[in-house]
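Spelled out, the chains give:
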Amino acid sequence: MEKIVLNGILVDKYTSFRKVLLNIDINNVEIIKFCKSQFIIPSVQLFFKINCKRSVNQKNIYQVLSMLDLKEIKLKDDPLMLSDSDKYKLLIALSLINNPSSFVIVYPELYLDDCNIDLIFKIFKKLSKEYGKKIYIITNDIDLLYRECDNIYIYAKNNIIFKGNRKKIYEERETILSNNFSLPKILNFISLVEEKKKIKLEPTFDIKELMKDIYRNV
Amino acid sequence: MANVLEIKNISFKYNNNYIFNKFNLNIKKNDFVYIIGTNNSGKTTLINILNGYPFDGEIHVNNLEYNSVTRQKISQFMNIIDKNDANNCKLINIIDKIKEISSDKYETIIKDYESLNIGKDDYRKLNYLDKIKVILFINFINSYSFLIIDEVIDMLDNKDKDIIYRLLKKYQRIYKKTILVISNNADGIIYAKRILILNKGVICFDGSVKDVDKNDNIFNELSIKLPFVVDLSIKLKLYNLIDEIYIDEKRMIKDIWKK
Numbered sequence: 006m007e008k009i010v011l012n013g014i015l016v017d018k019y020t021s022f023r024k025v026l027l028n029i030d031i032n033n034v035e036i037i038k039f040c041k042s043q044f045i046i047p048s049v050q051l052f053f054k055i056n057c058k059r060s061v062n063q064k065n066i067y068q069v070l071s072m073l074d075l076k077e078i079k080l081k082d083d084p085l086m087l088s089d090s091d092k093y094k095l096l097i098a099l100s101l102i103n104n105p106s107s108f109v110i111v112y113p114e115l116y117l118d119d120c121n122i123d124l125i126f127k128i129f130k131k132l133s134k135e136y137g138k139k140i141y142i143i144t145n146d147i148d149l150l151y152r153e154c155d156n157i158y159i160y161a162k163n164n165i166i167f168k169g170n171r172k173k174i175y176e177e178r179e180t181i182l183s184n185n186f187s188l189p190k191i192l193n194f195i196s197l198v199e200e201k202k203k204i205k206l207e208p209t210f211d212i213k214e215l216m217k218d219i220y221r222n223v
Numbered sequence: 221m222a223n224v225l226e227i228k229n230i231s232f233k234y235n236n237n238y239i240f241n242k243f244n245l246n247i248k249k250n251d252f253v254y255i256i257g258t259n260n261s262g263k264t265t266l267i268n269i270l271n272g273y274p275f276d277g278e279i280h281v282n283n284l285e286y287n288s289v290t291r292q293k294i295s296q297f298m299n300i301i302d303k304n305d306a307n308n309c310k311l312i313n314i315i316d317k318i319k320e321i322s323s324d325k326y327e328t329i330i331k332d333y334e335s336l337n338i339g340k341d342d343y344r345k346l347n348y349l350d351k352i353k354v355i356l357f358i359n360f361i362n363s364y365s366f367l368i369i370d371e372v373i374d375m376l377d378n379k380d381k382d383i384i385y386r387l388l389k390k391y392q393r394i395y396k397k398t399i400l401v402i403s404n405n406a407d408g409i410i411y412a413k414r415i416l417i418l419n420k421g422v423i424c425f426d427g428s429v430k431d432v433d434k435n436d437n438i439f440n441e442l443s444i445k446l447p448f449v450v451d452l453s454i455k456l457k458l459y460n461l462i463d464e465i466y467i468d469e470k471r472m473i474k475d476i477w478k479k
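Each protein sequence line maps, in turn, to chains A and B.
Residue numbering for the first sequence follows this note's numbering, starting at 6 and increasing by one per position.
Residue numbering for the second sequence follows this note's numbering, starting at 221 and increasing by one per position.
Please note that the accuracy of each hint is not assured.
[Said to hold, decoys possible] Chain B is nowhere near these chain A residues, computed Cβ spacing over 10 Å in every case:
#	residue
1	142
2	146
3	153
4	155
5	166
6	167
7	168
8	183
9	208
10	213
[To be verified] Derived, one-sided and incomplete: chain A residues facing chain B with beta-carbon distance under 10 Å:
#	residue
11	72
12	115
13	190
14	217
15	222
Because the hints were derived from the structure by calculation, they are not lab data.
Yeah, the Cβ is synthetic: ideal placement off N, Cα and C, and Gly gets one too.
When you get a sec, could you build the whole thing from the sequences and use the hints?
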């Protein structure tokens with residue numbers, strides 16, 4: 006049977022993710038998703054269970070909590086009283102403690118502010134670089150993907166309309182736009198400059214590089 | 221202009237920790253206000269208070285004191301749209317619902333609805349994000365004069381966000397609504413007249429997009445990423461390539477290469 010851990014809970018099937026999961030080792034994947042309230046309480050309860058009953062290194066748990074800036078959370082407090090962002094970060098902490106080979110993070114931008122998104126991406130990038138973990142982000146925020154991810158898949162109407170690294174996005178912008186999808190804002194601007202002024206700016210994900218390029222082309 | 225919402229000295233605490241301690245906020249009628257709240261800033265608590273959580277202090281909505289007796293009356297003109305509304309709503313035929321709400325301007329409104337590219341009539345068959353778009357649209361054209369939108373627009377992609385914000389501005393103008401958008405990011409500030417930053421239960425910025433560059437230290441300290449066009453404007457201003465904060469990329473391009 007396929008095994009997927011969703012918010013720390015083992016589930017038999019989660020079909021909507023099947024299309025997106027692609028080649029992930031399905032036996033060892035942790036999905037971090039937090040949309041429905043029924044997932045919150047069990048996952049937090051599971052966290053307490055791990056914390057209290059299993060022989061997991063307490064130091065490890067507090068290290069993970071500290072990494073996610075969750076030190077101030079009193080674990081004995083009512084989990085329902087935590088803010089949405091703390092609940093989401095607690096799910097991430099739980100996943101990190103379970104130490105799977107792949108992580109699927111679903112819509113992080115809905116629950117975390119920019120500061121916390123930067124924090125978790127720093128952690129997951131380190132896990133990817135130093136420990137070879139695979140990190141998959143599912144989001145509607147194309148700017149976040151373009152800024153942070155090496156490879157991007159764009160799904161529209163149940164099909165993959167784009168597959169490749171972020172440099173390829175600008176080359177294939179016509180296909181993306183024709184599928185009623187938007188480009189990252191920085192690329193949209195570069196595309197508008199080309200269309201309106203016939204000036205070709207270098208596609209980049211760094212706004213400072215864009216600024217220098219504009220300066221050179223004015 | 222009179223205030224539609226007056227929050228006077230409200231205090232609220234969880235486990236002896238104050239989320240709000242003598243918090244004040246006024247929102248004028250027909251204004252479009254955007255509150256950016258970092259994590260743990262108190263934005264969900266503020267919504268919970270407006271949904272009926274007990275608090276110390278006073279809240280007035282359209283000059284009516286907000287309490288358990290007046291809540292029913294206030295809910296006739298104030299509506300809070302949150303992420304759960306899409307699943308809780310039981311609209312079946314969307315087009316009929318639009319006709320019912322606004323039969324006199326049906327032709328014009330239906331064109332705006334079509335711009336959302338939803339297509340199907342049966343609400344039950346829609347995916348979650350299309351449901352969100354329907355709920356927002358239905359709320360824009362109905363009779364509520366004060367709409368509070370809690371993090372709902374954040375769920376959409378850039379293209380849909382842009383369409384939704386433009387429609388929101390249009391219907392705010394036509395129907396003279398007051399709009400309060402609450403979000404954990406600054407993506408929609410270019411559409412709002414007034415921007416507030418809520419941090420740890422305190423308003424630490426109150427101004428418009430034009431005031432952002434003078435106060436960009438507040439945004440930097442809280443690691444709030446500015447919308448691309450505003451961020452680029454601030455940077456190009458430093459290079460003397462432009463001399464104002466733009467909210468429209470096309471106008472910005474025209475002005476950069478005009479010099």
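Practice prompt. Against the earlier hints, flag every one the structure doesn't satisfy and list their numbers going up.
Written response: 2, 10 and 11
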